[in-house]
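Construct the complete structure from the given sequences, taking the supplied hints into account.
Here are the chains, one letter per residue:
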Amino acid sequence: MRIRAAVSATLASAGILLAGWQSGAHVAGTASAAGSTAGTTGIAGGSVSSGSAGSAGSAGSAGSAGSAGAAGSAAKAGGTFVGDVVQTRFGPVQVQITVSGGTISDVTALQLTDDGGRSVQISNYAAPLLRAEVLQAQSANVQTIGGATVTSDAYLTSLQAALDAAHL
Amino acid sequence: MNTTSRTALRPQPRQAPAAANPYAGQHRRRLLRADLLTVVAWASVAAAVALWLADGGASGFATAAGAFTAAGIVAGLAGMDLVLLMLLLAARLPVIDATVGHDRALQFHRKLGKPSLYLLLAHGVLLAIGYGLAEGLNPVSEAVSLWVLVPDMWLAFVSLALFVAVVVTSLAAVRRRFPYEFWYGVHLLTYAAVLTSLPHQFSVGGLFAAGTWQRWYWLAACIATGAALLHYRVLEPLVATFRHGLRVSRVVAAGHCAVSIEMTGRHVDELAGSGGRFFIWRFLTPGQWWHPHPFSLSAEPVQMDADGGGRLRITVRNLGRGSASLARLRTGTRVAVEGPYGVFSTAARSRRHVVMVGAGIGITPIRALLERTPFAPGDATVILRGHDSSGLYLADEILDLCQRRGAALFHLTGRRPPGVDTWQPEAEARAGYRLASYAPRLADADVYVCGPAGWARNVLDDARRAGVREEQLHYERFDW
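Those protein sequences? They're chains A and B, same order as listed. Heads up: the first sequence is residues 859 to 1026, going by our numbering. Heads up: the second sequence is residues 121 to 600, going by our numbering.
Bear in mind the hints are in silico, worked out from the structure with no lab data behind them. Everything numeric in this text was worked out from a predicted model, so none of it was measured. If a hint is listed, it holds; no wrong ones were tucked in.
Lysine to any residue pairs mimicking SDA-like chemistry, simulated, CA-CA at most 25 Å apart:
#, chain 1, residue 1, chain 2, residue 2
1, B, K234, B, R224
2, B, K231, A, L875
3, B, K234, A, A863
4, B, K231, B, R584
5, B, K234, A, R860
6, B, K231, B, L280
7, B, K234, A, T868
8, B, K234, A, A864
9, B, K234, B, A344
10, B, K234, B, F302
11, B, K231, B, L593
12, B, K234, B, Y304
13, B, K231, A, I861
14, B, K234, A, A867
15, B, K231, A, A867
16, B, K231, A, S866
17, B, K231, A, T868
18, B, K231, A, R860
19, B, K231, B, F302
20, B, K231, A, A870
21, B, K231, A, A872
22, B, K231, A, A863
23, B, K234, B, A348
24, B, K231, B, Y304
25, B, K231, A, S871
26, B, K231, A, V865
27, B, K231, B, V278
28, B, K234, B, T345
29, B, K234, A, S871
30, B, K234, B, G346
31, B, K231, A, L869
32, B, K231, A, R862
33, B, K231, A, A864
34, B, K234, B, V160
Below, the structure written as C-alpha cells:
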C-alpha cells in the first residue's frame, strides 16, 4: 500500500509540475504579445517594447531599445516630452524628458515598477543610474542595469518614445 | 431473519460468516485514505513549485544571479508549503486523526520540522546571493540592504529567527533539557513565526503580486490552515467544555501510585464509544488550567438520567509533576475536555481476532478498548504487564470483562531479566515464551499495545517476528 501511495504521489506531482511548466512557457510567450500599450504620444516602438517586456528578467539584451534618435530633423526647441506607458509584469513604467537647446537636460520617471517591495527596491536603485547614463549618452542607447533588466528595458523603451516625440 | 432464509436456501455448514472478516472494508478504506493524504501532501509541494513555473519562473535560470534567485524562491515556496502541512498535521483534523492517529500525525509533523527549516534558511541565503549578484553586492550587504530598504523584510528576518528557535528547542536532545512548559511556550512562537513571514510574501514577492492567481492560491491556503487550527484546536474544545460542563466528583486510589478521577457532566453519552481513544483534559484550577493531560477514559461513561447527565472516569498514575498534583484535585473542580483523538479504537481494526497488550498505566486504554471493541468469545486475548500485582491497574474490572465477553487473560508480573531486551518478566522470558505463545492466532490478529516506549517497542518487535504486518499493529504513545 505504501507503494501505491508513493507511485500515485510521484505521478500526481510530476503531472502538476509538468502542467505548471507548460503554462509557464505559455505565459512567457503571451507576455511579449501583450507587452506595451498606447502611451501619450501615438508613435513609439510597440515592437521594441514588446521584445523587452517579454524577456521577463532573463538574458541581458542590452541594445534592444537601440535606434538612437539620429534621423530626427527639426523641432529642436525645448519642452517636456512624455514617453509611452510600458507595461511589465512588475508594473507600468513611464518616463518624461526635458529638452532644452536640442539636448536632454533631464529625465524623470513618472511611473516605475512598483509591484511588490522588491520591485520598488529595484526601481529605486536602477532609476538614478539609468538617468545618469541617459544624460551622458544623450540617447536611449545605453546599458541596461544588471538585476533590473525588466525595469531598464521598459525605461529605455518609454524613453525612446519620448525622444521620438521630441524628434531628437 | 435474513440469515435463516439464507441458510434455508444454501444448506452448507455455516462456516462462511465465521471466517468472514467484518473489518476488511473499513481497513481498506482507511489505507486508501492514508494513501490519498500522502498524495495530497506531496501534490501540494508540487503545486507550490508548479505555480511558480506557471508564472514563467524557469526563465530565471538563464543567468547565475537569476539561478540563485530562482532556487531561493522555490526553496521559500516549498518551505512555506511544508510549514502549512505541519500546522495542518498538528491541527487535529478529524480526517487525519481517523486515518493515521494523533501520534503518527505528530510524528510526521516532527519529521517535517528540519526539512522546512532548511528550506527557509536556503530561501534567505540563496536570495541574498542572487539579489547580491544582480546588484554587485556581497550577500551580507544585500541582506542588510533588504532589511533596511524593503518594507516588511525585517519581519521576514524575525520570522526566520523564530523558526530556528522553534525547531532547535524541539530537537530531541535539546527538548530533554528543558521542562515541557518551556518547550510548549517556545512552540507557540510558531504562530508568530508564520504570521511575521506572511507580509513579505505578499508585499515583496513579485510572484504573489496583486491580481495573480498565485496570490489567491496562497491566500486561500493560509486562511484555510488558520481556520482549521482555530476551529479544531480552539473552537471545538471550547464548545465541548461548555456542552459537557464536567466537574470532578471523586478522586479515589486505584492501585500503586494511581488515582481514578471521576467526573460528572452533561451529555456524557456523546463521549461514549471512544474505546481506547484519548481526550485532552485540563483541570481548571489556578495552577493547572494550562497543563493538558492526554488520558483515555478508563471506563465507558455511565449515564444517570435521560438527558445524558452522567459520570465518567479516568485513571491516572503519578508520572510527572503534573500528574502528581492530580491526586489532590478538589471535588467540584471544573474540567475542560477536548477529543476524543487517536485511532486506538475499533476504527483501526483490520481483523476478526484481537490481542491487547498493556503495561502499567497503559492498561487503562486497554480496559476501555476491551469493554467496547466487538469480538466473538474466544477471539480476543488480553495481556497485562506490571512489576507486581499492584501495578496491574483495574485488574479486577478487566478480569470481570474478560469473563463476561470470553477473552483470554494473562497477568505477567515480575522484573525483567537483567541485560535482556524483552517485554516479559524473567521467568517467562527464560522459558522462551513469545507473544504468539499467549495468542496462537497472533499473525491474523490486530495487536493493540499501550505502555512505556521501550517496553512497547519490544512487544511490537515480537509481534513483527511472528508475522504480524505493520497495518495490524496499533500502538499509541503515552509519554510525550
